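If you read the protein sequences in the order shown, they are chains A and B.
According to numbering that gives the first Met the number 0, the stretch in the first sequence is residues 0 to 300, in order.
According to numbering that gives the first Met the number 0, the stretch in the second sequence is residues 0 to 282, in order.
Hint data in this document are derived by calculation from the structure and do not stem from the laboratory.
All figures in this text were calculated on a predicted structure; none of them were measured in a lab.
Note that beta-carbon positions come from the ideal geometry of N, C-alpha and C, so glycine has one too.
Incorrect hints may appear among the rest.
[Claimed, not checked] What follows is a list of derived Cβ distance ranges for each label pair:
no., chain 1, residue 1, chain 2, residue 2, range
1, A, Q164, B, F28, 37 to 47 Å
2, B, F28, A, E155, 16 to 26 Å
3, B, E176, A, P96, 43 to 53 Å
4, A, Y214, B, R190, 47 to 57 Å
5, B, F242, A, F109, 36 to 46 Å
6, A, V172, B, P171, 46 to 56 Å
7, A, V92, B, P171, 24 to 34 Å
8, A, S112, B, L37, 16 to 26 Å
9, B, E176, A, M297, 31 to 41 Å
10, A, V172, B, V81, 45 to 55 Å
11, B, L20, A, Y149, 20 to 30 Å
12, A, Q164, B, T49, 20 to 30 Å
[To be verified] Here are the simulated DSS-like cross-link-like pairs (lysine-lysine), alpha carbons at most 27 Å apart as the crow flies:
no., chain 1, residue 1, chain 2, residue 2
13, B, K269, B, K168
14, B, K269, A, K108
15, A, K293, B, K18
16, A, K108, B, K18
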Amino acid sequence: MSGKPAASGARRRAASDGRLASLLLFLPPALLLFTVFVVLPIGEAAWYSGFNWNGFGSPTRWIGFDNYRFVFDSRGFGTAFRNNLLIIAVSLVIQLPLALTLALMLADKFRGSVALRMLFFLPYVLAEVATGLIFSFIYDGNYGLLASIYRTFGAEAPHLLASTQTSMLAILVVVVWKYFGFHMMLFIAALQGMDRNLVEAARIDGASRWQVLRYVVIPLLYPTIRLSVFFAVVGSLQLFDLVMPLTRGGPADSSNTMVSFLYIHGVSRMRVGYGSAIGVILFVICVTFAITYKRWFMRDE
Amino acid sequence: MNDTSIAGRRPLDLVLVYKVLFLALVAAFVAVPLLATLLGGFKTLGELRTNPFGLPQTWEWQNYTDILLSKRYWQLLWNSFVIGSFTVVLTLIVASMAAFAFAHIHFFGSSMLLSYLTMGLLFPAATAILPLFIKVRDLGLLDNYFGVILPQVAFSLAMSILLLRRFFKDLPHELLEAALVDGCSYFAFFRHVTLPLSRPILATVGTITFVHSWNSYLMPLVMLNSEQLYPWPLGIMIYQGEFSSEWHLILAFITLTLLPTILLFIFAQKHIVAGLTAGAVKG
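With the rest of the complex left out, here is chain A (with noise of 0.2 Å):
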């Protein structure tokens, strides 16, 4: 009786004693590096932003926020924000329905069921540089899949990734071939936490297979449906190391995402501020769409 508030006391002051000195070394690296190499950086954009600057010595010559109507005006930049809302759309209304139909067919033990799993997961963790390579020899003109195969047909090969009209295309069947299969992961994994009980009540209620797909599996994915959805926008817009070895944004800035118009006509010739400038818009895009996202549709989560 009278041990235990004695040992609860102690137990309290062992506690605190420890907790300070434990804070001080647990908590600061990763708040220090977080800080320097992302906090700050953001901040310093904003900042640079209002500069013409290349980067050498201090910015000193202050123009307001004339950056931003610099990239406003050009071309190119609407064209980048454009491909990047086209290849949401893409992820959205062709990906995820493609990876959904798999997930279904695949998330049963079937014999091959798992290979095809591995398979159409495989693109995914390979690196965008080496994939880019890939299909940049796939569609090339002369040496290419696609060029042989309009040869058989006595055609003229097509040099897909030279012309403004198709680059951009060429790009978005990449962004399928590589992604589809991380979504179709997610479905399976929902599919398999599911409730079985439930399909398996609505069979014996006289549900047919389509019924029991529109109203008992699919807004039992909801959850994950919407997961997905966050990640293919939030993963369209940071779209870069694809795009490099296809096109390098060309012909004529008609492939640019946001990104890589950021690195081609703000990194590689170091314009700091014209650079940040983009940076800025592109992390208010982010954030205003992850906070509403998250506020609309994954409240429940």
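Got chain A; can you put chain B on it based on the hints?
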């Protein structure tokens, strides 16, 4: 009776046929580019043009052996390996310490600090790449492995801390309380109890971080100048530039650089998928 059962089965079989056809189509869509790359590396340039799909008439092993015997190839893999390993080790140390504090030590402002650290999930590293370049330059880390490693660690902290914290929280808290009463320090408990118990999640976070680092392109592109320091995604772009349309060599080079990735994928597949789905639950 017999008739109805056959009639009942026939549409089902048709569904099965469509299903198999569809799966075969998607499988071909994924596999053909990969197989064409692998096989293309065994062909001559002339054959690549006339016979891009089929098996090579004569297997040009030399395309591959020349690359395997070059210093360049191994240098690229070594650079990627060094950058990846340091990124993983630093991420695991720093993230697990912070995650432990958030999981087990109650303190004022804990949830605010956690939101601060996980803000990194919301935006890509590219948004601040120019100021980041200037920071790394001012710290004297430009053209140095650590100019790539430290920002990569910083950007991987958010997801790593979230995953680790959730795992740590599931470990019995009473164990820690008992240990503290017995005079054990938080750090000793973390070091001798939490970490050994957390091997699965550490492996998962480590694998994911390694794959990210191994494949990363933008950060090394901006932070490194010397070709001797280039990781393989940068090196392969240079190689492709040099050999512009000698696709048989480029394809062999791509295949050989993808080999470690694919081996890692085969061995660590469980951890990669686990991390993906665990990360997904929280977002």
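Structure-based check of all given hints:
{"no.": "1", "hint": "Q164(A) with F28(B): 37 to 47 Å", "verdict": "violated (23 Å)"}
{"no.": "2", "hint": "F28(B) with E155(A): 16 to 26 Å", "verdict": "holds (24 Å)"}
{"no.": "3", "hint": "E176(B) with P96(A): 43 to 53 Å", "verdict": "holds (50 Å)"}
{"no.": "4", "hint": "Y214(A) with R190(B): 47 to 57 Å", "verdict": "holds (52 Å)"}
{"no.": "5", "hint": "F242(B) with F109(A): 36 to 46 Å", "verdict": "holds (44 Å)"}
{"no.": "6", "hint": "V172(A) with P171(B): 46 to 56 Å", "verdict": "holds (50 Å)"}
{"no.": "7", "hint": "V92(A) with P171(B): 24 to 34 Å", "verdict": "violated (47 Å)"}
{"no.": "8", "hint": "S112(A) with L37(B): 16 to 26 Å", "verdict": "holds (24 Å)"}
{"no.": "9", "hint": "E176(B) with M297(A): 31 to 41 Å", "verdict": "holds (34 Å)"}
{"no.": "10", "hint": "V172(A) with V81(B): 45 to 55 Å", "verdict": "violated (35 Å)"}
{"no.": "11", "hint": "L20(B) with Y149(A): 20 to 30 Å", "verdict": "holds (25 Å)"}
{"no.": "12", "hint": "Q164(A) with T49(B): 20 to 30 Å", "verdict": "holds (28 Å)"}
{"no.": "13", "hint": "K269(B) with K168(B)", "verdict": "holds (22 Å)"}
{"no.": "14", "hint": "K269(B) with K108(A)", "verdict": "holds (17 Å)"}
{"no.": "15", "hint": "K293(A) with K18(B)", "verdict": "violated (35 Å)"}
{"no.": "16", "hint": "K108(A) with K18(B)", "verdict": "holds (15 Å)"}
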